[in-house]
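Trainee: Protein chains in written order, with the numbering used here: chain A, 1 to 111; chain B, 112 to 226.
Careful, some of the hints might be misleading.
Away from chain A, derived, C-beta distances all over 10 Å, residues of chain B [claimed, not checked]:
no., residue
1, ARG133
2, SER144
3, GLU163
4, PHE171
5, THR224
FRET-style restraints, in silico, Cβ to Cβ [unchecked claim]:
no., chain 1, residue 1, chain 2, residue 2, range
6, A, SER84, B, LYS124, 30 to 36 Å
7, B, LEU194, A, SER52, 42 to 48 Å
8, B, SER138, A, PRO7, 27 to 33 Å
9, B, THR120, A, GLY53, 20 to 26 Å
10, A, TRP83, B, SER176, 40 to 46 Å
11, B, LEU122, A, SER70, 32 to 38 Å
12, B, ARG126, A, GLY28, 37 to 43 Å
13, A, SER14, B, SER176, 46 to 52 Å
Worth flagging that the hints you see were computed from the coordinates, not collected in a lab. C-beta: ideal position from N, C-alpha, C; glycine also.
The chain contents come next:
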Amino acid sequence: AQSVTQPDIHITVSEGASLELRCNYSYGATPYLFWYVQSPGQGLQLLLKYFSGDTLVQGIKGFEAEFKRSQSSFNLRKPSVHWSDAAEYFCAVGANNDMRFGAGTRLTVKP
Amino acid sequence: DAGVTQSPTHLIKTRGQQVTLRCSPKSGHDTVSWYQQALGQGPQFIFQYYEEEERQRGNFPDRFSGHQFPNYSSELNVNALLLGDSALYLCASSLEGSGPTDTQYFGPGTRLTVL
Chain A
1 AQSVTQPDIH ITVSEGASLE LRCNYSYGAT PYLFWYVQSP GQGLQLLLKY
51 FSGDTLVQGI KGFEAEFKRS QSSFNLRKPS VHWSDAAEYF CAVGANNDMR
101 FGAGTRLTVK P
Chain B
112 DAGVTQSPTH LIKTRGQQVT LRCSPKSGHD TVSWYQQALG QGPQFIFQYY
162 EEEERQRGNF PDRFSGHQFP NYSSELNVNA LLLGDSALYL CASSLEGSGP
212 TDTQYFGPGT RLTVL
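Chain A extracted, bound-state conformation:
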């Protein structure tokens, strides 16, 4: 069965600094991979998704993620973090509409 691991529970970065959130997955076939963001008291918003093709995926709000099959990873990156990016970030792997989420990484942005 597919599973997702987000090794970092909490990350703090300074505003304007670069960001990388880690995600490792386990899945027997070609994975469908997603990153979602959740602000306090809100539902999940899709940032980006990977199905196939170019392994560098561009998303909304200036985020990108790179799929690395050899490392079973799908890390999320942003070159310059804004204070409004503070939120919980979830990586997910899905197939046949059965989505499995990681436990999330909480991002704090320092002024």
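Since the structure of chain A is provided, determine the placement of chain B on it from the hints.
Mentor: Just chain B now, with coordinates in the frame of chain A:
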């Protein structure tokens, strides 16, 4: 274009009671999935409804049941509530056949507290 809506926003129940949560999918979507998100955890898949039938189910007991109506809206019912059922319940909608894996759009959730 309305997104996914859920009601109520918050709910407080006592152990042993029953609860019904409601979800209206994004316009044009025909598939509804339900997730349970415990505090500090990622969402866990409960089940998915398509064409008014439960199509897939996660590892949740039979106390969790659902329904989908002809207008694609859906209900989640939980019987014999336990303290551990306290969580944020998320509804997600998608369009069957819209892609290799149908992208899901999430509602804001219903916060259930069981006392």
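Trainee: Please go over all the hints and tell whether each is borne out by the structure.
Mentor: Cross-check of the supplied hints:
1. ARG133: At roughly 15 Å from the nearest Cβ of chain A, B/ARG133 sits farther out than 10 Å, so the non-interface label holds.
2. SER144: Since the minimum Cβ distance to chain A is about 7 Å, B/SER144 lies within 10 Å and the statement is violated.
3. GLU163: 16 Å, holds
4. PHE171: 13 Å, holds
5. THR224: 14 Å, holds
6. A/SER84 to B/LYS124: 30 to 36 Å: 35 Å, holds
7. B/LEU194 to A/SER52: 42 to 48 Å: Hint holds: Cβ distance 43 Å, inside 42 to 48 Å.
8. B/SER138 to A/PRO7: 27 to 33 Å: Distance hint for B/SER138, A/PRO7 is violated at roughly 38 Å.
9. B/THR120 to A/GLY53: 20 to 26 Å: Roughly 39 Å apart at Cβ, these two residues miss the hinted range, so it is violated.
10. A/TRP83 to B/SER176: 40 to 46 Å: 43 Å, holds
11. B/LEU122 to A/SER70: 32 to 38 Å: Check failed, 46 Å falls outside 32 to 38 Å.
12. B/ARG126 to A/GLY28: 37 to 43 Å: Roughly 40 Å apart at Cβ, these two residues keep to the hinted range, so it holds.
13. A/SER14 to B/SER176: 46 to 52 Å: With Cβ atoms ~48 Å apart, the hint holds.
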